[in-house]
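Got chain A sorted already, so can you dock chain B onto it with the hints?
So the sequence lines, in the order shown, correspond to chains A and B. Residue numbering for the first sequence follows this note's numbering, beginning at 205 and increasing consecutively. Residue numbering for the second sequence follows this note's numbering, beginning at 205 and increasing consecutively.
Calculated directly from the structure, the hints in this document are not laboratory data. Quick caveat, the model's predicted, so the values are computed rather than measured. A couple of the hints might just be wrong.
No copy labels: a pair is met if it fits in one copy or bridges any two.
To be verified - Heads up, simulated EDC-like pairs for lysine to aspartate or glutamate below, C-alpha to C-alpha not over 16 Å straight-line:
1. K384 / D412
2. K406 / D434
3. K325 / E455
4. K335 / E240
5. K397 / E372
6. K374 / E400
Protein chains: 2
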Amino acid sequence: MNLENNISKEVYTKVLPLTGKAPLLTVIGAGPGDLELITVKAIKALGMADVVLYDALVNPELLEYSPKAEHIFVGKRKGCYAYQQEQINELIVNRARTHGHVVRLKGGDPFVFGRGAEEMKYAADHGIPTKMVPGISSCIAVPSAQNIPVTKRNSAESFWVITGTTKEHKLSQDVYLAAKSSATVVILMGMSKLPEIVNLFKNEEKWDTPVAIIQNGTREDEKIGIGTIDTILEVVQKEELANPAIIIIGEVVNHRASVRKVVENNIHELSSEL
Amino acid sequence: MNLENNISKEVYTKVLPLTGKAPLLTVIGAGPGDLELITVKAIKALGMADVVLYDALVNPELLEYSPKAEHIFVGKRKGCYAYQQEQINELIVNRARTHGHVVRLKGGDPFVFGRGAEEMKYAADHGIPTKMVPGISSCIAVPSAQNIPVTKRNSAESFWVITGTTKEHKLSQDVYLAAKSSATVVILMGMSKLPEIVNLFKNEEKWDTPVAIIQNGTREDEKIGIGTIDTILEVVQKEELANPAIIIIGEVVNHRASVRKVVENNIHELSSEL
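If we strip away everything but chain A, and leave its shape as in the complex, we get:
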């Protein structure tokens, strides 16, 4: 049966490929920056890609997993977006129709403030089948790579991950409630709102609550600042910490010091005996 003769052109172009290849969108999480924090599933999907659209926060060395694919940078460079979100959506649909398998490679996990869901919905609305490969999310992995667990018995029974900046460029209302909770609070994209965030915790008299700020987490140029609600603004100034950074507020931050101090003490103990 010749499909082309039996169905209308409109339906054909909507769901069938213009090449021999079946259109497909796979949204992939590339992890937080460290090249090795990508999954086997993501590497396999990259190997089967015809086109890869990638962001600024993705390590470009990952593109070597798809040497035959077309690579299109769609992120932000020097403060300017290469493509607007609407253009990315259209690019996905058009490339899937003309080239087949489009991989959308995003930093961290694409479903954590990544707009991966929006892109999948747009593609699905245009008849493109979609798949999703989760990635290591920065919100958990960046603190853990610095020995800060988001949960710990007797310290935190929960963690709350919040975007610092909403669509309207305001501080999310959730931060007000988070300051009242006993959750570990993890704020992404919140550096410009840090003074405001700190004030919310001060209003709850949480002056001594530990705070960590990790810039470029898991990358070679990683920087970290540790303080409390009372001192963190000074730490940020002194250490010149800026975006992209993750803010972690809660007792769990102290875990890092406890593990490090013990190891350092033992080394000291040993060398003083030698």
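Just chain B, lined up with the frame of chain A:
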């Protein structure tokens, strides 16, 4: 210089190995169940392991990445723990001293309700250097593999991950506050408390808030139930959903239906034209 003659036995056994191999603990996240959702870094660490201690929620096929290592099951089987936490801690320290590199392989991410932090602290307290390899956490990846994003513009600016059962076997107080928030609420180990959880959301008049329950997420025997605060208890009974399961409460649950429906509609549209 003969170290053994120059330092006290106590310090020696505390920080130096009894074999030629340097003691080391690497705590690794194995991901949510799907074999391919493990990272390159984790596979490399497994390849360098002398001993692997693994849990019930870890896919045992992953042990093939460390064919030469000793494999010790330390999880729960038929409701009984093979080892108590204190025994696991001691096993880590003793095996690191006698065998060298101990890998502690945990389901999901070891720092999300995994007690990975406790084990690292115990090892560090006993002079064993520690490393950490983050894993794909079930709390984000299990919903996303089912096309449920934990955040989505206009639906949720944050997500709050809570353990259903605290150390004292009570519902975490954080769930009370979470029911008042606009966060996507993700509850792990909460199935036995589901009626209580549902009531908290009913008290906030959130009858229509969508709820998804995913059992054995990303595994071949995965099961899912979708409902609202008002209907989810019936769904659980009908679908016979039980632990290990993840509860997701929030508007983002509807994303799954919107992506699926569109794809199904297109298939339907196509076949009716054929």
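Evaluation of the provided hints:
In the homo-oligomer, the alpha carbons of K384 and D412 lie at most 16 Å apart inside one protomer (14 Å), although the nearest pairing across protomers, at 26 Å, exceeds that limit. In this assembly of identical chains, K406 and D434 lie within 16 Å of each other by CA distance solely inside one copy; the values are 8 Å within and 38 Å between copies. Within a single copy, K325 and E455 get their C-alpha atoms only as close as 39 Å, which misses the 16 Å cut-off; across copies the closest is 15 Å, which meets it. Proximity of K335 to E240 under the C-alpha cut-off of 16 Å is restricted to the inter-copy arrangement: shortest distance 15 Å between copies versus 22 Å within a copy.
In the homo-oligomer, the alpha carbons of K397 and E372 lie at most 16 Å apart inside one protomer (13 Å), although the nearest pairing across protomers, at 37 Å, exceeds that limit. Taking identical chains as interchangeable, the C-alpha atoms of K374 and E400 lie at most 16 Å apart only when both belong to the same chain, with a minimum of 10 Å there against 34 Å between chains.
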